[in-house]
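Undergrad: Letter by letter, the chains look like this.
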Amino acid sequence: MAKITFVTQSNETITVEGNSGNVMELAVQNKIKGIDGNCGGVCSCATCHVHVEPSDWDKVGAPNSMESDMLEFDEKVSDYSRLSCQMKISEDLDGIVLKVAN
Amino acid sequence: MSDSSSLNKTCVVIGASHAGVNFAFTLRREGWEGAIILFDSDPEIPYHRPPLSKAYLSAEDNTQLDLLFPEQNYASENIILNLGKSVVSIDKESKYIVLSDKSKQSYDKLVIATGARPFIPPINGIKTANNLFPMRTFADTVNIQNAMKNSEKKRVVIIGGGYIGLETAASLKKTGANVVVLEREERVLERVTAPEMSFFFNKLHKENNVDLLTNKNVIEIKTVKGINEVFCDDNTSYFADLIVVGVGIKVNTELATKAGLEIENGIKVDETAKTSDVDIYAIGDCTYHFNPHYNRFIRLESVQNAVDQAKVAASAICGNEVVYNAIPWFWSDQYDVKLQMVGLSQGYNEVIQRVEEENEKCQSVWYFKDDELLAVDAVNNGKAYVLGTRFIKGKQQLDKGKLKDTKIPFKPTSFLKD
Ligand SMILES: Cc1cc2nc3c(=O)[nH]c(=O)nc-3n(C[C@H](O)[C@H](O)[C@H](O)COP(=O)(O)OP(=O)(O)OC[C@H]3O[C@@H](n4cnc5c(N)ncnc54)[C@H](O)[C@@H]3O)c2cc1C
Ligand code: FES
Chain Y
1 MAKITFVTQS
11 NETITVEGNS
21 GNVMELAVQN
31 KIKGIDGNCG
41 GVCSCATCHV
51 HVEPSDWDKV
61 GAPNSMESDM
71 LEFDEKVSDY
81 SRLSCQMKIS
91 EDLDGIVLKV
101 AN
Chain X
1 MSDSSSLNKT
11 CVVIGASHAG
21 VNFAFTLRRE
31 GWEGAIILFD
41 SDPEIPYHRP
51 PLSKAYLSAE
61 DNTQLDLLFP
71 EQNYASENII
81 LNLGKSVVSI
91 DKESKYIVLS
101 DKSKQSYDKL
111 VIATGARPFI
121 PPINGIKTAN
131 NLFPMRTFAD
141 TVNIQNAMKN
151 SEKKRVVIIG
161 GGYIGLETAA
171 SLKKTGANVV
181 VLEREERVLE
191 RVTAPEMSFF
201 FNKLHKENNV
211 DLLTNKNVIE
221 IKTVKGINEV
231 FCDDNTSYFA
241 DLIVVGVGIK
251 VNTELATKAG
261 LEIENGIKVD
271 ETAKTSDVDI
281 YAIGDCTYHF
291 NPHYNRFIRL
301 ESVQNAVDQA
311 KVAASAICGN
321 EVVYNAIPWF
331 WSDQYDVKLQ
341 MVGLSQGYNE
351 VIQRVEEENE
361 KCQSVWYFKD
371 DELLAVDAVN
381 NGKAYVLGTR
391 FIKGKQQLDK
401 GKLKDTKIPF
411 KPTSFLKD
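In order, the protein sequence lines correspond to chains Y and X.
Using our numbering, count along the first sequence one by one with no gaps and you end on 102.
Using our numbering, count along the second sequence one by one with no gaps and you end on 418.
There may be inaccurate statements among the hints.
[What the hints assert, rightly or not] Stretch by stretch, here's where chain Y covers chain X in the computed footprint (C-beta under 8 Å, at least three residues):
hint	stretch
1	67 to 75
2	303 to 310
3	324 to 338
4	381 to 389
[As the list claims (entries may be wrong)] Just so you have them, the derived chain X footprint on chain Y, three or more residues with Cβ under 8 Å:
hint	stretch
5	6 to 12
6	42 to 55
7	72 to 81
8	84 to 98
No lab work stands behind these hints: they were computed from the structure.
Please read all numbers here as calculations on a predicted model, not as lab measurements.
Even for Gly, the Cβ is constructed at its ideal location relative to N, Cα and C.
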């Protein structure tokens with residue numbers, strides 16, 4: 001189980017718990033504004049873009065190559081960008097904070 | 001929206017798929033306090049359609065559908081989901097809809113999100129063929145998978161070489177089928193891509209031992225003892241234990257037509273997704289809508305359009321007008337290849353193809369009308385897709401010579417005109 005905190009563009013902070021699946025799905029289930037997951041999690045749409053809190057970056061790890069291709073030229077990219085559909089939920093993610101990019 | 005204005009009102013949505021469901025949740029978030037009632041003839045909890053022909057069809061364990069939202073979210077947002085219920089008519093003067101069991105439901109605002117259904121071409125014998133299915137719903141994939149399981153030889157004929165046909169071919173091949181695709185035109189994906197892309201996909205399927213055959217006009221299906229034989233007008237024929245039909249769709253406009261709404265290649269809506277009736281909106285695959293970027297009316301079959309129009313309609317109904325102004329995008333997954341498309345290529349007069357040096361499976365095709373970039377098809381190339389989107393949105397002028405030069409890497413500024 002992992003507790004994950006989302007901070008939306010309007011600075012709402014929501015902490016939720018996930019057991020399985022990916023972080024995009026967890027966000028959609030919990031109606032996190034700005035995470036739509038339109039492609040269903042196949043790395044095709046970037047509607048699940050988040051900025052990881054820098055101090056949590058080591059827990060989360062770097063994007064895979066398909067993902068970093070989608071992020072590199074995204075207008076909202078930061079050094080800590082991830083597509084949340086590519087982040088599998090595991091205990092390792094417990095306590096992380098994610099800022100919703102859109 | 002002011003507190004009292006929607007409290008005792010009812011918003012009814014016909015069709016609970018990508019468009020209708022995203023509309024319902026957005027409407028709630030935008031502040032609608034009244035009832036939200038969805039109707040769909042499909043009995044399943046609303047699900048993502050794109051995986052049906054992709055990951056879902058080739059997966060071994062298919063008990064888990066990809067839901068748009070978990071079932072409990074409907075209750076927690078107070079959205080009433082009526083599944084397995086068909087709407088048969090709309091009375092726009094008295095503002096109610098009628099269901100197939102003759103019951104009525106009144107509305108203050110109505111949203112038509114009826115999408116489209118597969119077009120079944122009038123081929124001799126198509127109605128009596130054995131194991132012949134379209135590919136649009138969960139039930140279709142289950143039927144296809146059962147037919148696969150029960151067939152020893154697993155000979156599959158797919159009629160139509162569009163995205164759905166090709167994705168279905170790739171997915172069934174993965175599960176051990178012998179697949180033949182019969183395309184009537186001289187190349188696959190003819191309606192939607194440049195010859196360069198058709199060539200790429202042709203090669204990809206051949207490498208994967210799928211028989212992609214073009215100029216194949218199917219004229220008859222004969223079925224003897226459960227085995228189909230599919231005949232083309234060039235005197236060839238193909239045996240099939242299973243046939244999948246993917247030759248395009250018919251828009252579900254009948255309800256709107258009967259109700260007297262304006263129809264033109266779909267339900268005609270304005271930039272806020274409103275139909276010719278002030279209290280009726282239409283969203284998704286069923287609409288014919290204006291795209292400001294391309295300055296013309298279009299009809300799209302895509303998740304992007306369904307979701308973006310859903311948001312526009314929800315805002316409009318809550319009095320927060322936003323106008324629809326999205327650049328269309330779409331994707332397709334076949335084997336290990338991801339195709340991403342952005343923009344509308346229709347009307348192009350020049351194509352630039354870039355094959356990246358380190359990997360020929362990493363490609364992009366750039367569609368221009370004179371100097372205007374209209375669209376990009378990117379194969380395993382997220383960078384081209386994202387940059388293409390930026391260039392199209394910003395109406396950037398590109399230096400085609402630089403774009404052609406694969407020594408110049410992708411960068412936001414590297415292809416701009418000096
Ligand atoms: C196999 C497949 C693969 C696809 N792949 C992609 C892809 O990779 N990327 C992409 O962007 N798009 C893809 N699409 C297209 C995408 O799924 C559609 O654009 C999208 O589903 C449109 O959503 P919609 O809600 O407008 O219409 P639909 O999904 O067609 O939903 C309409 C709903 O209305 C219901 N309905 C209709 N009439 C009535 C009535 N009278 N009463 C009650 N209910 C009614 C139907 O049962 C249906 O559930 C794919 C489609 C298919 C079929
Ligand atoms: S959900 Fe589409 S890229 Fe993550």
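Undergrad: Does each hint hold? Answer for all of them.
TA: Hints versus structure:
no. : hint       : in the structure
1   : 67 to 75   : holds (count 3)
2   : 303 to 310 : holds (count 3)
3   : 324 to 338 : holds (count 4)
4   : 381 to 389 : holds (count 6)
5   : 6 to 12    : violated (count 0)
6   : 42 to 55   : holds (count 5)
7   : 72 to 81   : holds (count 4)
8   : 84 to 98   : violated (count 0)
In summary, the structure is inconsistent with hints 5 and 8 from the numbered list given earlier, while agreeing with the others.
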